[in-house]
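There are 2 protein chains.
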Amino acid sequence: MKIALDAMGGDHAPENIVHGAVLALRAYPHISRLFLAGDTPRVEAELKKHACHDARIEIVHTTQVVDMSDSGLDAVRKKKDSSISRAVDLVKEGKAQAVVSAGHTGAAVTASLIKLRTLPGVERPAIATIMPSLGKHWVLIDAGANPDAQPSHLMQNALMGAAYARHVLGRENPEVGLMSNGTEEEKGNALCKESYAMIRKAGAQLNFRGNVEGHDIWHDPPDVVVTDGFTGNIILKSAEALSHAIFDMVKREIKAGFRTKIGGLLAKPAFKRVHKKTNADEYGGMPLLGLNGITIISHGGASAIAILNALRMACESIRHEVNPHIVEAIKIHHDSTTAAPHAHAPA
Amino acid sequence: MKIALDAMGGDHAPENIVHGAVLALRAYPHISRLFLAGDTPRVEAELKKHACHDARIEIVHTTQVVDMSDSGLDAVRKKKDSSISRAVDLVKEGKAQAVVSAGHTGAAVTASLIKLRTLPGVERPAIATIMPSLGKHWVLIDAGANPDAQPSHLMQNALMGAAYARHVLGRENPEVGLMSNGTEEEKGNALCKESYAMIRKAGAQLNFRGNVEGHDIWHDPPDVVVTDGFTGNIILKSAEALSHAIFDMVKREIKAGFRTKIGGLLAKPAFKRVHKKTNADEYGGMPLLGLNGITIISHGGASAIAILNALRMACESIRHEVNPHIVEAIKIHHDSTTAAPHAHAPA
Chain P
1 MKIALDAMGG
11 DHAPENIVHG
21 AVLALRAYPH
31 ISRLFLAGDT
41 PRVEAELKKH
51 ACHDARIEIV
61 HTTQVVDMSD
71 SGLDAVRKKK
81 DSSISRAVDL
91 VKEGKAQAVV
101 SAGHTGAAVT
111 ASLIKLRTLP
121 GVERPAIATI
131 MPSLGKHWVL
141 IDAGANPDAQ
151 PSHLMQNALM
161 GAAYARHVLG
171 RENPEVGLMS
181 NGTEEEKGNA
191 LCKESYAMIR
201 KAGAQLNFRG
211 NVEGHDIWHD
221 PPDVVVTDGF
231 TGNIILKSAE
241 ALSHAIFDMV
251 KREIKAGFRT
261 KIGGLLAKPA
271 FKRVHKKTNA
281 DEYGGMPLLG
291 LNGITIISHG
301 GASAIAILNA
311 LRMACESIRH
321 EVNPHIVEAI
331 KIHHDSTTAA
341 PHAHAPA
Chain Y
1 MKIALDAMGG
11 DHAPENIVHG
21 AVLALRAYPH
31 ISRLFLAGDT
41 PRVEAELKKH
51 ACHDARIEIV
61 HTTQVVDMSD
71 SGLDAVRKKK
81 DSSISRAVDL
91 VKEGKAQAVV
101 SAGHTGAAVT
111 ASLIKLRTLP
121 GVERPAIATI
131 MPSLGKHWVL
141 IDAGANPDAQ
151 PSHLMQNALM
161 GAAYARHVLG
171 RENPEVGLMS
181 NGTEEEKGNA
191 LCKESYAMIR
201 KAGAQLNFRG
211 NVEGHDIWHD
221 PPDVVVTDGF
231 TGNIILKSAE
241 ALSHAIFDMV
251 KREIKAGFRT
261 KIGGLLAKPA
271 FKRVHKKTNA
281 DEYGGMPLLG
291 LNGITIISHG
301 GASAIAILNA
311 LRMACESIRH
321 EVNPHIVEAI
331 KIHHDSTTAA
341 PHAHAPA
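Going down the list, the sequences are from chains P and Y. Quick note, the first sequence lines up with residues 1 to 347 if you use my numbering. Quick note, the second sequence lines up with residues 1 to 347 if you use my numbering.
Don't take each hint at face value.
[To be verified] Subject to a maximum C-alpha distance of 25 Å in a straight line, what follows is the list of computed SDA-like cross-link-like pairs (lysine to any residue): (1) Y:201 x P:268; (2) Y:277 x P:240; (3) P:78 x Y:201; (4) Y:276 x Y:266; (5) P:331 x P:77; (6) Y:193 x P:77; (7) Y:276 x Y:173; (8) Y:251 x P:240; (9) P:201 x P:78; (10) P:268 x Y:252; (11) P:268 x Y:253; (12) P:261 x Y:134; (13) P:2 x P:304; (14) P:136 x P:305; (15) Y:48 x Y:118; (16) P:136 x Y:167; (17) Y:272 x P:215; (18) P:251 x Y:190; (19) Y:2 x Y:167; (20) Y:201 x P:2; (21) P:251 x Y:255.
[As the list claims (entries may be wrong)] Stretches of chain P that chain Y covers, calculated by requiring three or more beta carbons in the stretch to come under 8 Å of a beta carbon on chain Y: (22) 113-126; (23) 143-149; (24) 254-265.
[What the hints assert, rightly or not] Computed spacing ranges between beta-carbons, pair by pair: (25) Y:150 x P:170: 57 to 63 Å; (26) P:11 x Y:320: 38 to 44 Å; (27) Y:251 x P:200: 34 to 40 Å; (28) Y:257 x P:210: 37 to 43 Å; (29) P:276 x Y:71: 41 to 47 Å; (30) P:259 x Y:257: 39 to 45 Å; (31) P:71 x Y:205: 24 to 30 Å; (32) Y:150 x P:135: 35 to 41 Å; (33) P:201 x Y:316: 53 to 59 Å; (34) Y:71 x P:203: 22 to 28 Å; (35) P:170 x Y:320: 20 to 26 Å; (36) Y:320 x P:204: 53 to 59 Å; (37) Y:135 x P:55: 17 to 23 Å; (38) P:120 x Y:272: 54 to 60 Å.
What the hints contain is simulated information worked out from the structure, not anything from laboratory work. Where is the CB? At the ideal position from N, CA and C, for every residue including glycine.
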């Protein structure tokens, strides 16, 4: 497996990114080539820190870095020699099978969209992310690629999310819910209401629960929760931050008394298990679905462990080959909605 | 203080609502009149359960109940004798100073909007809710009244939220943030970007931090977080549910071993304190700001304690008189934005 890594993307780049790469090369022998796109001296200095001389590494020297204040489009058009642009180029040229970036999400999405193009019938790519809950894991789509979504984009998110849940998470007939401000059909903003009608029309192709609200996604989530990239990003980031905040509050209260302090020490393994379950670094990477290629988005503050896990996600995505299933689902949907009137036409 | 309570609104109505009323009458001697709008025999039966014969209670008999499947507008137009309609009527007629409902939010918003009307210059009411964090509390506005908001509505939410933070929470120069999918100015969906420009233009009238993202609201929130009713409702409900889910996960892991079980018992007081801090019932009620009157929204699953706290919130709202401050803030903003071109015009 050949993977391109944006070595300069992220709040702690290149140090955490290169460190994650070193960990991944040790853990995953099936990675045959790992391209590190970035500033050669800085990347080499980081590799040296970890005494890493792995022959599978190939540094691709780049001279530009995308700033968080760049727009996604500017980042791609004006910074052709940025680490993210060059990393995506490697996939476009067939040298790598997947690209991983913890940098500017808009730049990674735009570079992938422009260079790799979308799959047939897909209008916009969407970030799929696996979320924990008390019971099963669920897929949130879109977690931030497309903040100004149209109903047809949400319809495609539903089809892509269901294909992902089926072929990657192994859910037989994945249940799909539409994120809303209430479970009743008449709830939602205009985008949500139009999307509801469109998804409902897909009939048997989608196992549609209907609207889901904020309570449902943590207590009784469907396999796939469909939303726009604005709402999805807020759900994802606020869940990460709130779970940290709750652990911090508990820690502070535990430290406030002697008895609770002893209790906290004894109960520590239980906390650790929950923390591991809810920690974003454990997931590390989120596939950008709908592209003619594989792009894995990691979060800006990614630790080395997060990068290790994002590279694992890239390997899994190469292995699962979900793209042909997405193409098929979109085609079936397209054929059924355009063929429907003829099916009932008089012979 | 005279308050009207929608006795039939909520998942556990009238039992929890009447129980909450009984608790509030015991706790708050400054309530001089409590109207219970609902089905007289059922309300009387609940009062009997608690052996409550408080002379401050006046039952206002109603014959209709709003269903969750009714639209907000239908609920008000077609069910004129519903408990929420009649409860709002009491405020309109000047018999009560505030109304409290844990029923259908859309119906409570629409009834209040139609019967009480908005304050001068306010286009849409918005639900303000007080949220906890590691440090200070913050105000989320709008938590669900107006899911299809326009930029001018978000601008007004910013002014109303700041007035609330100043005059109710006592924040001197409340900092305002706009909910987005990233902190940079260019982040956001179309609504967010237009609202950003409009709020920025308010200049010194608002202490505007700019965009805030999901991480900020739990780690370093401004005093006021401005958003539309769709996004705000999802933030509110998913935060409530996620904090419950985390406590449930911790409980399950603690019970899994002997050592952790003992630890959990010792640390219990610490958990209880955090749970109390993050429990929605402790806040109980959310004011619907921007109305020519006081409406307090409680959540559908409200417990008796939540209703008690919602009635406390109603008393506080009557005492704080935030409405004149909202009118003033909207007027100052209106005058400054319409006068601005003239100020620089040649003499």
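Here is what the structure says about each hint:
no.: 1; hint: Y:201 x P:268; result: violated, 50 Å
no.: 2; hint: Y:277 x P:240; result: holds, 19 Å
no.: 3; hint: P:78 x Y:201; result: violated, 30 Å
no.: 4; hint: Y:276 x Y:266; result: holds, 18 Å
no.: 5; hint: P:331 x P:77; result: violated, 32 Å
no.: 6; hint: Y:193 x P:77; result: holds, 22 Å
no.: 7; hint: Y:276 x Y:173; result: violated, 28 Å
no.: 8; hint: Y:251 x P:240; result: holds, 20 Å
no.: 9; hint: P:201 x P:78; result: violated, 42 Å
no.: 10; hint: P:268 x Y:252; result: holds, 13 Å
no.: 11; hint: P:268 x Y:253; result: holds, 10 Å
no.: 12; hint: P:261 x Y:134; result: holds, 19 Å
no.: 13; hint: P:2 x P:304; result: holds, 19 Å
no.: 14; hint: P:136 x P:305; result: holds, 23 Å
no.: 15; hint: Y:48 x Y:118; result: violated, 38 Å
no.: 16; hint: P:136 x Y:167; result: violated, 44 Å
no.: 17; hint: Y:272 x P:215; result: holds, 21 Å
no.: 18; hint: P:251 x Y:190; result: violated, 40 Å
no.: 19; hint: Y:2 x Y:167; result: holds, 22 Å
no.: 20; hint: Y:201 x P:2; result: violated, 50 Å
no.: 21; hint: P:251 x Y:255; result: holds, 19 Å
no.: 22; hint: 113-126; result: violated (count 0)
no.: 23; hint: 143-149; result: holds (count 3)
no.: 24; hint: 254-265; result: holds (count 9)
no.: 25; hint: Y:150 x P:170: 57 to 63 Å; result: violated, 44 Å
no.: 26; hint: P:11 x Y:320: 38 to 44 Å; result: holds, 42 Å
no.: 27; hint: Y:251 x P:200: 34 to 40 Å; result: holds, 38 Å
no.: 28; hint: Y:257 x P:210: 37 to 43 Å; result: holds, 40 Å
no.: 29; hint: P:276 x Y:71: 41 to 47 Å; result: holds, 44 Å
no.: 30; hint: P:259 x Y:257: 39 to 45 Å; result: violated, 19 Å
no.: 31; hint: P:71 x Y:205: 24 to 30 Å; result: holds, 29 Å
no.: 32; hint: Y:150 x P:135: 35 to 41 Å; result: holds, 39 Å
no.: 33; hint: P:201 x Y:316: 53 to 59 Å; result: violated, 48 Å
no.: 34; hint: Y:71 x P:203: 22 to 28 Å; result: holds, 26 Å
no.: 35; hint: P:170 x Y:320: 20 to 26 Å; result: violated, 55 Å
no.: 36; hint: Y:320 x P:204: 53 to 59 Å; result: holds, 55 Å
no.: 37; hint: Y:135 x P:55: 17 to 23 Å; result: violated, 50 Å
no.: 38; hint: P:120 x Y:272: 54 to 60 Å; result: holds, 56 Å
The structure shown violates the earlier hints numbered 1, 3, 5, 7, 9, 15, 16, 18, 20, 22, 25, 30, 33, 35, 37.
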